[in-house]
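S.K.: Residues per chain are reported as follows:
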Amino acid sequence: MLALLCCAALAFVSANADSLSHFERTYSPSGTARLTLSNINGTIHVSAWDRRTITVRANTAPSVVINDLLIDNDITVTVKRDFRLGRADFDVSVPPETSLILKNVMGDIEVRDLNGHLNVNSIDSNVRLIDVNSPSVDVKVTTGDIFFDGALHEAGAYNLQSFKGDIDVTVPESTSFNLTARALSENISLGSFLSNLSGASRGPKGVTGSYLKGGPRLILTAYAGRILMHKK
Amino acid sequence: MIMVCTQCQELLSDYIDGTLELGEQAHIERHLSDCEPCRAMRDDLLQIVHFSHRLPEHAPSAALWARIESDLAKEQPIGFKARAAAFWLRLRERHFNLSIPQMVAAAAAFVIVISVSVIAFRRDTISTSNTLAESMHVSPGQVQPLANPDMEQLEQQINQLSETVEQKKNAWNPELRAAFERNLLYVNQSLVECRHQLSDNPSDDVSQELMLNAYREKIRLLEGFKSF
Chain C
12 MLALLCCAAL AFVSANADSL SHFERTYSPS GTARLTLSNI NGTIHVSAWD RRTITVRANT
72 APSVVINDLL IDNDITVTVK RDFRLGRADF DVSVPPETSL ILKNVMGDIE VRDLNGHLNV
132 NSIDSNVRLI DVNSPSVDVK VTTGDIFFDG ALHEAGAYNL QSFKGDIDVT VPESTSFNLT
192 ARALSENISL GSFLSNLSGA SRGPKGVTGS YLKGGPRLIL TAYAGRILMH KK
Chain E
20 MIMVCTQCQE LLSDYIDGTL ELGEQAHIER HLSDCEPCRA MRDDLLQIVH FSHRLPEHAP
80 SAALWARIES DLAKEQPIGF KARAAAFWLR LRERHFNLSI PQMVAAAAAF VIVISVSVIA
140 FRRDTISTSN TLAESMHVSP GQVQPLANPD MEQLEQQINQ LSETVEQKKN AWNPELRAAF
200 ERNLLYVNQS LVECRHQLSD NPSDDVSQEL MLNAYREKIR LLEGFKSF
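Heads up: the protein sequence lines correspond to chains C and E, in order.
The numbering used here applies: residue 12 is where the first sequence begins, and numbers increase by one.
The numbering used here applies: residue 20 is where the second sequence begins, and numbers increase by one.
Check before you lean on any hint, since a few could be wrong.
To be verified - Pairs of lysine-lysine, DSSO-like flavour, derived with a Cα cap of 30 Å:
| no. | chain 1 | residue 1 | chain 2 | residue 2 |
| --- | --- | --- | --- | --- |
| 1 | E | Lys187 | C | Lys114 |
| 2 | C | Lys114 | C | Lys243 |
| 3 | E | Lys93 | E | Lys187 |
| 4 | E | Lys187 | C | Lys151 |
| 5 | C | Lys151 | E | Lys188 |
| 6 | C | Lys216 | C | Lys151 |
| 7 | E | Lys188 | C | Lys91 |
| 8 | C | Lys151 | E | Lys93 |
| 9 | E | Lys188 | E | Lys245 |
| 10 | C | Lys114 | C | Lys224 |
| 11 | C | Lys224 | C | Lys151 |
| 12 | E | Lys93 | C | Lys91 |
| 13 | C | Lys151 | E | Lys245 |
| 14 | C | Lys216 | C | Lys242 |
| 15 | C | Lys242 | E | Lys188 |
| 16 | C | Lys243 | C | Lys216 |
| 17 | C | Lys114 | E | Lys93 |
Said to hold, decoys possible - Not the full set, but computed from the structure, chain E residues with beta-carbon under 8 Å of chain C:
| no. | residue |
| --- | --- |
| 18 | Asn192 |
| 19 | Asn232 |
| 20 | Glu242 |
These are calculated hints, taken from the structure and not from any lab test.
Even glycine gets a Cβ: it sits at the ideal position worked out from N, Cα and C.
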């Protein structure tokens, strides 16, 4: 009986292993690269490392087709659109200065330690940006929380928008910025940043103003969710 | 499990409140993606929820409560005033469990009364096209264009994209369809909210900006799903 159960378990494990495909590519751009990754259903984790190469790995459902293209320093990795919605979970390692364009329909997105430009465009995703030091960040999701913990560049633009989720921003206390915060839910909490906003217009749905000497443009837009700001 | 309309309609209120479990939510979204009457009912309920948030709270006066207490203490036969007070008391303590048609009918009656009042009150200052009565006839999925060329253009683009997506979505995986419906619902809720805030205060720049942005988001959403 025990042997029978073991056989059944082994068969189950091997069947599951067979049901996943693996994708892996390593690219060696000659200069600062731009990576565009378009997924449909699944997670995207990107972290910076100290190598000059870019590695893209994914575990996917067998039905998923991934196309990739390298032209000069532009790398494009695309999950082919298919109404079956097969899952693909990506794990990507890039040099810190890489510019990233991440697109998804469903599945959480996490980016760590990036210094390059960052653009995230998804429908149903929680987005976590951790220790980012990017000159520009643009995140748009329909559903999902956006968490930003990083630094702002002096002439940078940082645009975070969610229709159904919270926007949570943590920046160093000494960071200057020009803030435009809009929340249809009338739920904006700027913590101690609020008291030092100059030239501020403050309404229940919107706050604009400069913190310290201004500079980077920080634009936060939430509809059915909160805007929260914290000092690091 | 296939959900029928009656089951869907029983759960719609909880669905809008966001209190359903994930499985039930997925079932209802699957049904909504295929059922126009239930979608229309969902849209009506969304309107009701929106307006119910704006209703003033009415409570009987302190004097009335004092009389109720006094009546109860004396255990006298209940007169007309006390019956009215008892009615308020029951109303206050009662947990309403109305069916959806009852809710819709009650809300419709309320809205008609409010609309007539609003029209009468604002007749001199606001054109008829902007009245609450008319805005109430707009379902979240078909938000009327404002008199702003940008918004009209966006609205046209949305209508074209919606037609394309509607034609394609029957072939989609149910999970994809449910995701589309859910996200479209959120954007439409935001559009309805923006529209009502603008209706209350047409010069509110923030609402105007949020509304334009919500239109753009609807386009982004539809374009994202158009290619499936």
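S.K.: Tell me the hint numbers this structure goes against, listed in increasing order.
M.R.: 3, 8, 10, 12, 15, 17, 20
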